[in-house]
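Listed here are the chains, written in short residue letters.
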Amino acid sequence: MSAIQPPAETVWWKQPLDKVEGTWIAIALVWSLFMFFMMPFWHVYGKQNLSSEAYKTTPQAYMAKTQAMVDQYTIRTETDAKLPVVRPPPGSDVYLLGRLWQWWPLLELEKGQTYRLHISSMDWQHGFSLQPVNINTQILPGYEMVLTITPDTDGEQTIICNEFCGIGHHNMVGKIYVTEGET
Amino acid sequence: MSNELFRTCPESGLQFHRPAERLMKAHAVVAVVILLLGGIAALLVTLTRWPAVHLLPADRFYQLLTSHGVNMLIFWIISFEIAILYFCSSTLLKCRLATPKLAWVGFGLMLLGIIVNNLAVANGDASVMMTSYVPMPANPNFYLGLILFAVGALIGCFIFLATLVVAKDEKTYEGSIPLVTFGALTACIIAVFTIASGAIVLVPTWLWSLGYINNIDAAMYRIVWWALGHSSQQINVAAHVSVWYAIAAIVFGARPLSEKVSRTAFFLYIAFLQLASAHHLLVDPGLSAEWKIFNTSYAMYLAVLASMVHGLTVPGSIEVAQRAKGYTKGLFQWLQKAPWSNPIFSGMFISLVGFGFLGGISGVVMGTEQINIIIHNTIYVPGHFHATVVIGTTLAFMSLTYFLIPTLFRKQVAFPGIAKLQPYFFGIGMSVFALAMMGAGTLGVERRHWDMAFTNSTLAFEYPASAYTLMGIMGVAGVVAILGGAMYILVTVTSVFFGKPVGSESSYGFTTARVSRADPLIVPEGGHAAAGKWGFAAPGTFLLAIFFLVTFILYYAVNWKYLASVWPLS
Ligand code: HEM
Ligand SMILES: [Cu+2]
Chain U
1 MSAIQPPAET VWWKQPLDKV EGTWIAIALV WSLFMFFMMP FWHVYGKQNL SSEAYKTTPQ
61 AYMAKTQAMV DQYTIRTETD AKLPVVRPPP GSDVYLLGRL WQWWPLLELE KGQTYRLHIS
121 SMDWQHGFSL QPVNINTQIL PGYEMVLTIT PDTDGEQTII CNEFCGIGHH NMVGKIYVTE
181 GET
Chain P
184 MSNELFRTCP ESGLQFHRPA ERLMKAHAVV AVVILLLGGI AALLVTLTRW PAVHLLPADR
244 FYQLLTSHGV NMLIFWIISF EIAILYFCSS TLLKCRLATP KLAWVGFGLM LLGIIVNNLA
304 VANGDASVMM TSYVPMPANP NFYLGLILFA VGALIGCFIF LATLVVAKDE KTYEGSIPLV
364 TFGALTACII AVFTIASGAI VLVPTWLWSL GYINNIDAAM YRIVWWALGH SSQQINVAAH
424 VSVWYAIAAI VFGARPLSEK VSRTAFFLYI AFLQLASAHH LLVDPGLSAE WKIFNTSYAM
484 YLAVLASMVH GLTVPGSIEV AQRAKGYTKG LFQWLQKAPW SNPIFSGMFI SLVGFGFLGG
544 ISGVVMGTEQ INIIIHNTIY VPGHFHATVV IGTTLAFMSL TYFLIPTLFR KQVAFPGIAK
604 LQPYFFGIGM SVFALAMMGA GTLGVERRHW DMAFTNSTLA FEYPASAYTL MGIMGVAGVV
664 AILGGAMYIL VTVTSVFFGK PVGSESSYGF TTARVSRADP LIVPEGGHAA AGKWGFAAPG
724 TFLLAIFFLV TFILYYAVNW KYLASVWPLS
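Protein chains in written order, with our numbering: chain U, 1 to 183; chain P, 184 to 753.
Looking at chain U on its own, in the form it has when it is part of the complex:
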């Protein structure tokens, strides 16, 4: 009987498989397992993996840490709003915060160096989206996420927000400048 009627054979579970089904199931299963193992494989052999390092925090505590870094390492300001551009030493802990509606402060990093980039939100959820290199993560208030990054292209990268965060969402832009090492 057809699929909208009860099965003709009452003991349908004993019906043998057609060869076409058996073959396809075998192929699809192998592919599924391959895709599954690809993920742990990339953790071992690939270079792009998010760490699960994160801490509970509060907007006040996180703001204090970011402010301290800004006070210590600001090298210039930009635009009429005098946005600080911070150049922290290679290998250090770098703090970036998202708030309505900016990414603060602007950062200047050295190509080929590794940094521990901390990100958190002061208010609502935000989406850290670094363009054009195209790295995207979710940023939550109350959580401080740590990404270990190694910029390997120089030039200007823009941080945009790709989690809706209210009426100014589409104006929320920040920058990461990547410079050649100064030798």
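Hints were generated in silico from the structure; no laboratory data involved. The C-beta atom is built at its ideal place from N, Cα and C for all residues, glycine as well. Any given hint could turn out to be false.
What the hints assert, rightly or not - These stretches of chain P come out as covered by chain U in the derived footprint (C-beta under 8 Å, 3 or more residues):
no.	segment
1	203 to 215
2	258 to 265
3	533 to 540
4	640 to 654
5	717 to 728
6	736 to 748
What the hints assert, rightly or not - Keeping only pairs whose Cα atoms sit at most 27 Å apart, straight-line, the calculated DSS-like set for lysine-lysine is:
no.	chain 1	residue 1	chain 2	residue 2
7	P	K512	U	K19
8	P	K683	U	K19
9	P	K603	U	K111
10	P	K603	U	K14
11	P	K744	U	K19
12	P	K520	P	K603
13	U	K19	P	K443
14	P	K351	U	K19
15	U	K175	P	K744
16	U	K14	P	K354
17	P	K744	U	K47
18	U	K14	P	K351
19	U	K14	P	K716
To be verified - Below, a sample of chain U positions facing chain P; criterion: calculated Cβ distance under 10 Å:
no.	residue
20	G22
21	Y73
22	M145
23	G155
Assemble chain P with the ligands onto chain U, guided by the hints.
What follows is chain P with the ligands alone, placed relative to chain U:
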């Protein structure tokens, strides 16, 4: 059983329980009205994201995007699904619907929820997107509307389950329930889980919005919200796969290749899909890699396997049915001779192919733990889910409607010429739309974003020109798809409210191949495999499946390669 309570559709032979019939009609009508609302919002939103048009101001855009998301994803689909649940239980099992009065209470709650939620969004203080991520606050009625709707839908689910029990008790069928009803049962079980998660997340959020709860943890909210948000997509998959099987049966009298395989595949959905909310959280802070890998793959992709199985068995069963009728030439005569001008079939087939090739492949690729880094929250994501939930679910439901108009509503399909073209406009428009979004997302264009040019922002950023071209293509194709949607609404509303009654199958309004009369089992000499090739009963379908797999593998590889080019992260 009193005879007045039942009527038998003279053409299809389906038996309708009158109280159930009225409920199905009510749910379907509400669903279509909501689809219209969501469609108007879709047009305005699309015309805003099309950079050359950029129609709405920012606040209206975010408001209508919220309305579009909630109305389409939740209200349209679930309202239609409740009608399907009643059809698959009461009609397919020839059984009375359990407690129709209570079912009307469920209907009333759903309708009330829709109204309360829509009023809140219309009020302008609930433009928080369907996800309503805390701590961004919305008008409390936004959550209240969703809660009322969910309670109503839950009642519908329990009535479906109760009807299965009644049918068993009253022995209205023999043996096991039909495969399609089994698929609906799968959808229903997932729905109960989904709605429970919805209550766990939305009730506290509602109380928080009223000031009774101080704080809701953003990470916790996302985990529980996606248990709702993701599983509800599994309801849709189970429901539209059931509709595919139903249409194959209705149009071709197709029988499942094997009941065992198809039912096991449905069962895999129940067993593994619940874990999959993880793929929305792959770049959230603090979750361990092991947790993400196990859960995003739905435990080693066993549910993906299930979908790949249905993707073979549905067209495979059609191929076998067609071959049995003598369309055995070459690999594809069965497909060539399919009734392409019958929208019940053409819509279903486009739904199947689009869901698999566009929605399925993109979903697995972006749900890969590391690849998500280059895709999360870009417009690739709506590109993916318009292929699943619009080409897959919505188009499947539209196709089924063309069958329900004559059989359930007893009306001729109005404007048959338009109905014939409708699935092509909608399906092809949506496919191009989704592909363009995926392309733009690959270039980093954001979702839920009013201005990709960043005109008013202090710091500038410019996307490459190709991103603008792709967003333009998205706009044009979106408008074509909306036209397809409008054609559907025109045909259904005109048929249902102003249509001429049907007298016979030939007065349906378009040519039907064959409605619902399953063929007496014709088995070709030497069994089904003999009508096929290579010892396969469905060699054409197998070849298509291999083509699918090759596409999948190539696209998967390309994305890993792209990922390998971004900055090292650890
Ligand atoms: C012709 C039909 C449609 C068109 C042209 C269309 C267009 C769009 C556009 C342009 C967006 C905005 C993407 C963004 O900026 O992030 C969107 C979002 C969305 N659409 Fe559609 N859509 C259509 C039908 C549907 C249907 C039938 C459904 C569901 C069944 C649906 C579900 C959604 C959802 C859930 C969102 C996301 C809202 C959010 O981000 O919160 N759409 N659609
Ligand atoms: Cu933001």
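Right, here's what the structure says about each hint:
Look at the segment 203 to 215 of chain P against chain U: 0 of its residues bring a Cβ nearer than 8 Å to a Cβ of that chain, fewer than three, so the hint is violated. Under the rule that three or more residues need a Cβ within less than 8 Å of chain U, the assignment of the segment 258 to 265 of chain P is violated, with 0 such residues. Under the rule that three or more residues need a Cβ within less than 8 Å of chain U, the assignment of the segment 533 to 540 of chain P is violated, with 0 such residues. Remark: the segment 640 to 654 of chain P is confirmed as covered by chain U, as 7 of its residues place a Cβ nearer than 8 Å to a Cβ of that chain, reaching the required three.
Given as covered by chain U, the segment 717 to 728 of chain P passes the check, having 8 residues with a CB less than 8 Å from a CB of that chain where 3 are the minimum. Given as covered by chain U, the segment 736 to 748 of chain P passes the check, having 5 residues with a CB less than 8 Å from a CB of that chain where 3 are the minimum. Restraint check for P:K512 and U:K19: satisfied, since their Cα atoms lie roughly 20 Å apart, inside the 27 Å limit. Pair hint P:K683 plus U:K19 does not hold up; C-alpha atoms about 48 Å apart against a cutoff of 27 Å.
A hinted pair counts as satisfied when its Cα atoms are at most 27 Å apart, and P:K603 with U:K111 does not qualify at roughly 59 Å. For the suggested pair P:K603 and U:K14, the alpha carbons sit about 41 Å apart, so the restraint of at most 27 Å is broken. For the proposed pair P:K744 and U:K19, the alpha carbon gap of about 35 Å is over 27 Å, so the pair is violated. Proposed proximity of P:K520 and P:K603 is supported: the alpha carbons are some 16 Å apart, at most 27 Å.
Taken as a hint, the U:K19 and P:K443 pair is honoured in the structure, with Cα atoms around 14 Å apart against an allowance of 27 Å. Between P:K351 and U:K19 the alpha-carbon distance is near 34 Å, which puts this suggested pair outside the 27 Å criterion. Of the pairs offered as hints, the one joining U:K175 and P:K744 holds, with about 26 Å between alpha carbons and a cut-off of 27 Å not exceeded. For the hint linking U:K14 to P:K354, the alpha-carbon distance of about 23 Å falls within 27 Å, and the restraint holds.
Annotation: proposed proximity of P:K744 to U:K47 holds, straight-line Cα distance about 12 Å (limit 27 Å). For the given pair, U:K14 sits about 22 Å from P:K351 by alpha-carbon distance, which is consistent with the 27 Å threshold. Simply put, U:K14 and P:K716 have alpha-carbon atoms about 24 Å apart, close enough for the 27 Å limit, and the pair holds. A distance limit of 10 Å between C-beta atoms decides the matter here; for U:G22 the minimum to chain P is near 9 Å, and the interface restraint holds.
Interface restraint check for U:Y73: the shortest CB-CB distance to chain P comes to about 20 Å, outside 10 Å, so the restraint is violated. Interface restraint check for U:M145: the shortest CB-CB distance to chain P comes to about 4 Å, inside 10 Å, so the restraint holds. The beta carbon of U:G155 comes no nearer than 12 Å to any beta carbon in chain P, farther than 10 Å, and the hint placing it at the interface is violated.
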